[in-house]
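Just so you know, the sequences run in chain order X and A.
Last residue of the first sequence: number 591 in this note's numbering, and the count goes up by one each step with no gaps.
Last residue of the second sequence: number 281 in this note's numbering, and the count goes up by one each step with no gaps.
Treat the hints with care, as some may be off.
[Stated by the list, open to error] Straight-line alpha carbon distances no greater than 27 Å define the calculated DSS-like cross-link-like pairs of lysine-lysine that follow:
id : chain 1 : residue 1 : chain 2 : residue 2
1  : A       : 104       : X       : 506
2  : A       : 75        : X       : 583
3  : A       : 69        : X       : 561
4  : X       : 506       : A       : 69
5  : A       : 36        : X       : 10
6  : A       : 104       : X       : 553
For the record, the hints were derived by calculation from the structure and aren't laboratory data.
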Amino acid sequence: MSNSTKKYEQISLSSEDVASKLNGASPLQASRILIDMELFEQRSSLDVIDNVYKDFESNQNVVDELVTPLGLSVLDSVITHKDLKLDRTGLTASRLWEDINCFEYKNIHASSHALSTKQQLKGSRKVTPGKRGNVQKHKLEAHKVKNTRRDGTIKNDLDGKKLYRQGQGSSTLNTVNTEHLQSSESFHRQFGGNILLTKENGKTIVNSDENLASISERQNKMKLDGTFANIKEKKEQLLSKKKTTKLSKSEQEQLDRINESFTGSSLEAGVAMEKEAAKSNFKAAQDAAFNNIKDNTAEIATQASTKAGEQTGHQALGHAVLLMLKPIFYEFNDSFKNGIDAGVGEDSALEGLKVRLKRVMQYIRTEIVPTLTKALKDFFDNFCKVIIDSIIGLATGIFKSILTILIEGFSALVGALKILSKSSNEMSGAQKADAILKLFSATVVTFVVFYFESSILPAIPIPFLQDIALALLSGIASSLVVYVLDKADIFSTKSELRTKRIKEIFEMRVQQIKENTDAFETASLQKLAEDKLRFKALSDSLSQSIQDKKDPNDAVLKIADFLKVELSVKSTDDFLNMLKTQDSLEIA
Amino acid sequence: MSLFSKVWNCVKSTVSSAVDKVKETKSKVWNAFTGKHYTDEAEAIHDEINERYDKARANYQEAVQQISQEIQEKVSKINLNKKEIYEKQFERFKSIANRIHNVTVKGLPFEDFFDGSIYELNKNQELRSKEDLILIDFDQMGFLETAGMILTLGFFSRKKAKESLERVKQERERVFEEIEKMKAQQTKLEVVSESIDNVVTYFEQLIKSYSSLLDRFEFGIQSQRVKQSSDASNVFSLKLDFKLLPIVHLEEFQALFNLSIVLKQMANLGYLNSEGEVIVKDVEASELLFQKVTEAKLSA
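Construct the entire structure; sequences and hints are all you get.
In C-alpha cells, the structure reads:
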C-alpha cells in the first residue's frame, strides 16, 4: 500500500529548505523567492480522484483476493485426498500453486518435465546408488563381434581410427573397448526408481546397440562412469586457464593426455553420441513403461513393492489431474485479469469461455494424455471432457440465469437485510457487504453444485475423481459467482473502498500542505525579522556616521554586502585611482 | 353508549397511531429498498460541504483582496521610490559630482506590478455540483423507472444511490484539500506582504541616508569651490581638482558613488515577478538613447 500511496503524495517543504533558499539570495529577492515557492503541487485534486478510480479499474488484486485462496483449496483437496496420498510424495498445495502461476502454453518443456516427475515418483522409493548389475557382458561381446571388420580391426566410433581386439593392439590407444554411452550407473539413477519399469527393461535399454560404442581403452578409462561432456568441460577449463596463467605440471599432463586420447573433433563427436543415446534411452524407457501397463500389470505390481497396482494407477491419475489444473487455472487467472471475453478477443463472456476451454482441452490432449498409459488414456480424456463440459454448463447457468440465481438465493437476501440492519459500530459497511457477498455465493454455489451431483457426477465412475471434480467445480462456480457479483458490485463495496482510499490519500495530502505551510511561515518570517533587524542596525550606523561627519564608507560597504550588491571600489585608494584613470564615473 | 364511545375512541386513537407508525416504517423501508436514503444522505453532506466551502472561499477571497491591495500600495510606493532615485537623487548627485568629475548613470527604473489574479480560484477545482455527483434523482423519477426499480428488486437504484453517496463523500475529502490550499495561499500572501515591507524600508532608509549624505557632500563641495577658486589663477576652470580636495570629501564622494550603485540596482530590480527584472536588451536600448540625448545636448 505504501508504495502505491507514494504517487499521491504532496510535495514536501521543510523549514530548512525555505531558510536555505532565502539565505542563498539577496534580501531584495526575498519576495520573489517566497512567491515562487510551492506549498502544494500543481496537480489538481480532481486528477487525484481520477487516478484512484483508474487504480480500482485494473483488476490486479481480484486474482489475489479471489483465485488464490480458491486455487489453494482445490489443490489441497486433490493432494491430501485419502485415496491418492500425493502429499506423501512431497507435494504441497502452495508449491504447486507457484508452478501453476508460471504456466504458459508456449512452454513446451512443461510436458517432458511433468512426464519425468510423474514417471519417477521419487517420493515413495529410494534408489540405491552404484549399481552396475545392469551390465551384460555377452551383449558387449556381441556388439564387438558385429562390428569387427574383415581385417580383424574395429572402427573407433569417435575418430574413425583402427582399433584392435584385446592383446592385439600396441597400446591402450588402439585397443578396443565397448562402451556404454549413457553409463549403466547414470541410467539407473534416472530410472531405477521408476515403478513402471522392470529390471529387465533397464538391462535391455542400457545394453542396446543404440547405447553402445566402440572406443579405445584409453578413452574409456578416461571416461569411466563420467561423460564425454565432463572431459570436454575439463579440457576447456584447462585451456582457458592456460590463457591467463601458467598451468601446473600435473595440469599440463592432464591436458596432454586428453589431447593424446581424443584427437581432432573426436571429443565433440563423443558428446553428440552421448546425447543421442540418452535421448533414445529415454524414449525406450517410456515405451517400455507404456507396454508394461498395457500387457503386464501384474509384474509392475510386484515391482512396486510397497504399493498395490491400483494405487499406482490412482497416483498416476492424480498427477495427471494436477497437470490438467494448470491450464484451467491459467485460463481463470487470465480471465480475471484481462476479462473472460476480451482476453481472447471474443465478444461475449460465454464465447470467450468456450474458446478458453477449447484451448485447455487441446493442451490436455496433446501434452498430458500421451504421457499416460494406454489404459488410463481414454479414461482421462473422458474425465477431462466431462469436467470441461461441466464448466461450460456451469457458466452458462450462471451467466444466463443470474437473476434467477439471485431470486433463488432469496434466503440470502433476507440474510443480507439482517446483516444490513446491524449497527455500524458492530460492522463497517464494507464488512457487511463482504459478508453478504459470501452469503450469496454460498447459496448460489449449493444450488449449482446440486445440479452437478444429479447430472454430471454419475458420468465419473471412480469415487475419488468424483470428490476432485466436485471440489474443482464448486470452486470454479463460487469464483464465477463472486466474479459476477464483483463486476455487478451490487452493494457498492468498491465505491466504499474507493472512498476509504481517497479519504486516506487526501488526509495525507492535507496534512502535508499544513506542514509545508507551517514550515514556510515559520522559516520565512524568522528570516524576514532577522533581515529587518540587521538592516536597521546597518542603516542606523550609516546615518549616524553621516550626522557625526565621520567616514560613511564602511557602513555603505556593509549595506551593499548585506543586500548582496557587488561593489568594485572598496577603498579610497581604489576610488582615487578611478578618478585618475577614468574620464567619467559610471553608475552601473 | 358512553362506554362504547370511550372504547371506540380508544381503538381509534390506537389505530391511527398504528397507521402513522406503519406509514413511517413503510417509507423507511421503501427508502432502504430503493436506496433513496443514500441520496438523502448524499444531499445532506453536499449541503454541508457546500456551506463549508462557500465560507472558506468567501474568507479567502476577502483576505486575498485585502492583502493584494496592501501589496499593491507597497508596490506603488516602491515604484515611486525607484522613480525618485533616478529622477531626483541621481540628478542631484550628478550635478554636484560634476563639479569634480563626470558621472553617468546607466539603466532605467523598472516598474513593478502585482498580479493578484494568480491568487484567484480555479473554477475547475471548486466543489462540483449536486447534479455532477448524484447519479440518480428519486424526485424526478417516471413511472417506468419506478416500475423497473421494483422489478429489479431495487438493485440498480440502490447501487446508483450508494455510488452517489460515496462520490459526495469523496468530494468532501477533495474539497478539504482545496480549503487547505486556500489557507496555504493566504499564508503565503501574508508572508509575501511582510517581505515587501522590508523592501519598502530598505528604499526609504537608503534614500534618506543618500539624501543627507548628498547634503553633506554638497555643502563641502560648495565651500571647497569658494576656497579653490580664490586660490586658483584660472577662475574659469570648470572642475575642482580632486587632488586638492580634503580626504573627507573624497570619502563622501566614494560613499555616494557606491551607494548610487546599490540604489541603481535596487531601482532596476523587479520584486514580485521574474518579468520585473531588467532585461539586457532594455538596458542597451536605454544606453543608446542616453548617448543620443547627451550628444544632442552637447551639440545644442
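Here is how each hint holds up against the structure:
A C-alpha spacing of about 22 Å is found between residue 104 of chain A and residue 506 of chain X, which places the hinted pair at or below 27 Å, so the restraint holds. Annotation: proposed proximity of residue 75 of chain A to residue 583 of chain X holds, straight-line Cα distance about 18 Å (limit 27 Å). A distance of roughly 25 Å separates the Cα atoms of residue 69 of chain A and residue 561 of chain X; the hinted pair therefore holds under the 27 Å criterion. The hinted pair formed by residue 506 of chain X and residue 69 of chain A fails the criterion: a straight-line CA distance of about 60 Å is larger than 27 Å.
For the hint pairing residue 36 of chain A with residue 10 of chain X, the CA-to-CA distance comes to about 31 Å; that exceeds 27 Å, so the pair is violated. A distance of roughly 60 Å separates the Cα atoms of residue 104 of chain A and residue 553 of chain X; the hinted pair therefore is violated under the 27 Å criterion.
The structure is inconsistent with the numbered hints 4, 5, 6, although it conforms to all the rest.
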